[in-house]
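Quick mapping for you: the protein sequence lines, in order, are chains A, B and C.
Under the working numbering, the first residue of the first sequence carries the number 1, and numbering increases by one thereafter.
Under the working numbering, the first residue of the second sequence carries the number 335, and numbering increases by one thereafter.
Under the working numbering, the first residue of the third sequence carries the number 639, and numbering increases by one thereafter.
Just so you know, not all the hints are guaranteed correct.
[As the list claims (entries may be wrong)] Over 12 Å on every C-beta distance to chain A, these chain B residues come out as not near it, computed from the model: (1) ALA336; (2) GLU339; (3) GLU483; (4) ILE602.
[As the list claims (entries may be wrong)] Cβ pair distances, simulated, as ranges: (5) A:GLY159 <-> B:GLU468: 34 to 44 Å; (6) C:GLU772 <-> A:VAL29: 52 to 62 Å; (7) B:HIS338 <-> A:ARG101: 52 to 62 Å; (8) B:SER458 <-> A:LEU292: 23 to 33 Å; (9) A:LEU292 <-> B:LYS531: 54 to 64 Å; (10) C:GLY793 <-> B:MET507: 55 to 65 Å.
Hints are computed from structural coordinates only; laboratory data are not their basis.
Quick reminder that beta carbons are idealized off the backbone N, C-alpha and C, glycines included.
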Amino acid sequence: MAEIKKKAKTTNPFEIIVEALFNFFENKVYLYAFIALAVGFLIIFPNVSSRFTQEIMTNLFFYVVVCLGLNIIVGYAGLLHLGYAAFFAVGAYTTGILSSRMGMDFWLTIPFSVVAAVIAGLAIGFPTLRLRGDYLAIVTLGFGEITRLTIRNLDITGGAIGLIGIQRPVFFGITLNQISHFYYMFFILAIIAIIVSYRLENSRMGRAWAYIREDEDAAAAMGINVVTTRLYAFIIGSSFGAVGGSFFAAKMTAISPDSFMFIHSVMFLMAVVLGGMGKIPGVVLGSMLVVLIPEVARGIGPYRLLIFGFLLLIIMLYRPQGIWPDKPAISAKE
Amino acid sequence: MAIHEILIQQLFNGLLIGSFYGLVAIGYSMVYGIIKLLNFAHGDIYMLGAFSGLVFLSIATPAIGAGWGSLILGMLISMLLVGLVGVFIQRVAYRPMLKAPRLSILITALAVSMILYNTVMLLSSGRFLPFRTEISTESFFLGPLRLTETRVVLIVAAFALMFIMHMFITKTMYGKAMRAISLDRDTCQLMGIDVYKIIALTFFVGSALAAAAGIMAGVYYGTIHFYMGFLIGLKAFTAAVIGGIGIIPGAMLGGLLLGLLESFGTQIPFIGTVWKDVFSFAFLILFLIFKPNGLLGRSESERM
Amino acid sequence: MALLEIKDLTLRFGGLCAVNALSLEIEEGSIRSLIGPNGAGKTCVFNCMTGFYIPSDGEILFQGQSLRDKKPHYITYLGLARTFQNLRLFKGMSVLENVMSGMHCRTNAAFLTTVLRTKGQKKEEKHIREVAEECLDFVGILDKKDFIASNLPYGDQRKVEWARALATQPKILLLDEPAAGLNKDEKSRLIELMHRIRDERDITIFLIEHDMGLVMKISEKIFVIDYGVKIAEGTAQEVRDNPKVVEAYLGKEEEETA
C-alpha cells in the first residue's frame, strides 16, 4: 500500500499551530471534552457577565444561525447569494405581521415564515437556477432591493416606520423578555443550526452539493439532478434565514426596513467567506470576526465597510479557503 | 395633455434613460461575454465616472466655464481615467482569479464594488452633490414634445457612442478578437491573440462607456451620489439579459427597451414611480423564465 | 429487441454536421465499439445518448424508451452510465466519496430524514458506502479509498471513474476512450476488466476507442464512423478488410503504429 503523507511541511507559525491543534483534536476524547467545556462555559456565561456583553453574545449566536444558513447556499452548493437579508426580512415580517396585527402566538408564526421563505425561494430560485448558477447572485441582489422597497411601500408592513408591538414568545409559561432569555434562546438555536448543518454536510444531499460544486457535468452524469439539488440548498438556506428573522422580530418587538439593507446581506456573506466557506467552524469564526471586530475597534466606525471590502478582496486573492484551514489531505507517494 | 402627447413624451424619456442603461449594459455584457464574470463593480464604475466628471468641472469651471465645451472635455478625460481604473481593477483583482472557481471571482467583484463605493462615500461624506453646469435649462417644443437643449444633446451623444461602439466591435481587429475570445479563450491563446491585452481593452472600453453614462446622468439629474451605481448595475444586468447576455447590440437594445418599459410602466395606474424598480425586476424574472437567451440570443444546444 | 437503438441520429452545430443520420443497434450483453478518426463525431454520439447534447434529428431508444429531451441525470437513472474522455473526477474529494456519487440516483434520503438521522437514513448511508466499496474492490483500488482523487496516479484515476460509473448500477456502460494514456500492461488488464464487467455484472458495454488493437481484441462488433457518417460495421475482421475503413482510418493508423 502506498505510504500516506501529510501536506508539505510549512514554516508559517499560524499553520503550525493549527496543525498541532488538528492533531490534538484527532483524539475524540479531547475533542468532546473541549466541546463540553465550551458549552458549559457558555451556559454559565450570563451569570458572570454584563448585560452589554450578553447582548453582543446574543448577536453572535444570531449571526451563527443566519450565516450557517447562508453557508448552505454559498459554502455547500457554491452559489452566491447577495440578497440574504431579504429572506431574513421575509421571516421577520411574517412573524411581525401575524403577531402584531393578528395576535398570533410567536411559535405558531414560525411555520408560516418558513413557508413564505420557501415560496419566495422557489419564485426566484426556480427560473434562475434552471439557467446558470451565477445568475443567482445578481437576481438575489435584485430581490434584496425589491423586498426592501416593497416593505417600505406597503401598508401592511408599516411602510418606512415598520411594525411595532410584536409579541414576546412565551416558553413554558415564561415570557421571554430578559436579555439572558434571548441569550439562551439564540444559543439553543445556534446549536440546532450547527447540528443540522453538520448532518446535512455529511449526508447524501451534502455530498451532492459538493459534487455539483466540483464538476456540474460529471455530477449530472452520475445521476444527480443539478437544478433540484441546488434549489434544495437555496430553499433550505433561505429558510434558515427566515427562522432567524422570526426570532429577531421576537427579540426586537419592532422591525423596520432599515434592518434589511444590502449591507446586512454583505455582512452575512463576509462572515461566511472570511472564516471559510463550507466549514462549520469557519462560519462560527467568521461570525465572531464580523460581530466582534466593530465592538473591539470602535474607532473604525465609518471605515468599517471599506475595511471589510479590502479584507474580502485579500482573502479571495490569497486565501480563498478562508481563515479556517482545510483538513490536511492524504496523497499517494509516487 | 392629450394622451398621444404623453405617449410621445414618455417615448422620448424612455429612450433617454434607456440609452444610459444601454451604455452601462454594454460593458456588463462585454465583460460577461469575455470572461464570464458578472461584474458587480460595473455600476460603481458608472458612479466613479460621474464623480470624476464633477471633479473635472469644479477644477475647470473657473478657467473655461461649464458649458458644452468643458463638459465634453471633461467627459473625454473621465472616460480615459475611469477606463484606466477599470483596467487596473481587472489587472489587480480579476486576472489572478480567471482560473479560480466561479464563486471566488464573483465575491472578488463584490469586494471591488464595496471598496469603490465606500471610498467615494467617505470622500463625499455620503452627501448628494450638485452637478452644476451652465447649460440652458429652458424648454422648447418640438411639435407636442417638450425638450431642453440638455436632453437633445444627451440623447444624441448617447446614440453616437453606441454607434461608435457598434462600429468598433464589428469592424476592427480588436472587436473581432473580443468576440473570438468570448467563444473560446484557450484557442485564441493558441492562435497567438494576446488574450490578456484584449481582456484589458474590454475593461477599458466598458468602463469608459459607463463613465460617459455616469456623467450624462449627472448632467441629466443635476445631482450625484455615491450609491447611484447600485441600482443601475441591476438595471444594466436586466438590460443585458433582455438583449441576450454577451451580445453587444443586444445590450443596447435591452437598455433602450428597459428604459421604455419603465417610462411607460410608470404611467400605468398602481405602478407609478414607487414601483418602477419592482416593475423592471419583474421583467427580469419574466425574461429568465420565458426567454432566457434574450431577444438576440440563440438557444444553446452546444454545452460542455 | 436491442437494448439500445439509435435511428438516424443527426447533430448539427450551426452549419456543421457533427453526426449525420447514424443508425446502430446494441444488443443486451454485448460489447460494441464505435471507432473513427479524430473529429469523426464519436464523443458527440455519446453526448447525445447521455443527454448532454440535444440531437437535431433522429431517435435514441433505450429499452424501447426514447431518450430525446431527457436530462443527463434522468438518463443515468434509467441505466446508462458513462465515463469521460478527459477524466472528470471530483478532484478535491476522496476516492470513496467520488464513487459514492454514483449511488445518488439509487437512493432517496431527503431533508427531514437527514436532519433527524432516522434509522432508514443511517441504513441507506451504510448501504451507499458498502456499494461504493464493493465497486472499488471490483476495479481493484479499495485500498486507496481515503486518498484525495486528484492525488492518485493517472491509471488509478481512470479506475475511480469506472467504479463511479459502476456504482450507478447501469444496464449499459458507455466508455469514452478508456485506454487513452494507459500503458500496455494496464491495457491488457483493462480488457480483462471489461470482460468481467460484462460477464459478472451483466452490463452491456459500448465504447469509443482510438486504440485499434484494443478494439479489435475486445469487441464482437464494431461500428466505424467518419465525418459523422457510418461507413462500416461488422466483426473486427470484416471491418479490417473493408476498403472504406482502410481508406478513412486504418491505413493511416497502421502505418503509424507499425
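Hint check results:
1. ALA336: holds, 30 Å
2. GLU339: Consistent with the label, GLU339 of chain B stays out of reach of chain A, its closest Cβ about 29 Å off (over 12 Å).
3. GLU483: holds, 34 Å
4. ILE602: With a cut-off of 12 Å, ILE602 of chain B remains clear of chain A, as the shortest Cβ separation is near 16 Å.
5. A:GLY159 <-> B:GLU468: 34 to 44 Å: At roughly 40 Å between Cβ atoms, GLU468 of chain B and GLY159 of chain A fall inside 34 to 44 Å, so the hint holds.
6. C:GLU772 <-> A:VAL29: 52 to 62 Å: The hint (52 to 62 Å, Cβ to Cβ) is violated, given that GLU772 of chain C and VAL29 of chain A are roughly 33 Å apart.
7. B:HIS338 <-> A:ARG101: 52 to 62 Å: violated, 45 Å
8. B:SER458 <-> A:LEU292: 23 to 33 Å: holds, 30 Å
9. A:LEU292 <-> B:LYS531: 54 to 64 Å: violated, 45 Å
10. C:GLY793 <-> B:MET507: 55 to 65 Å: violated, 46 Å
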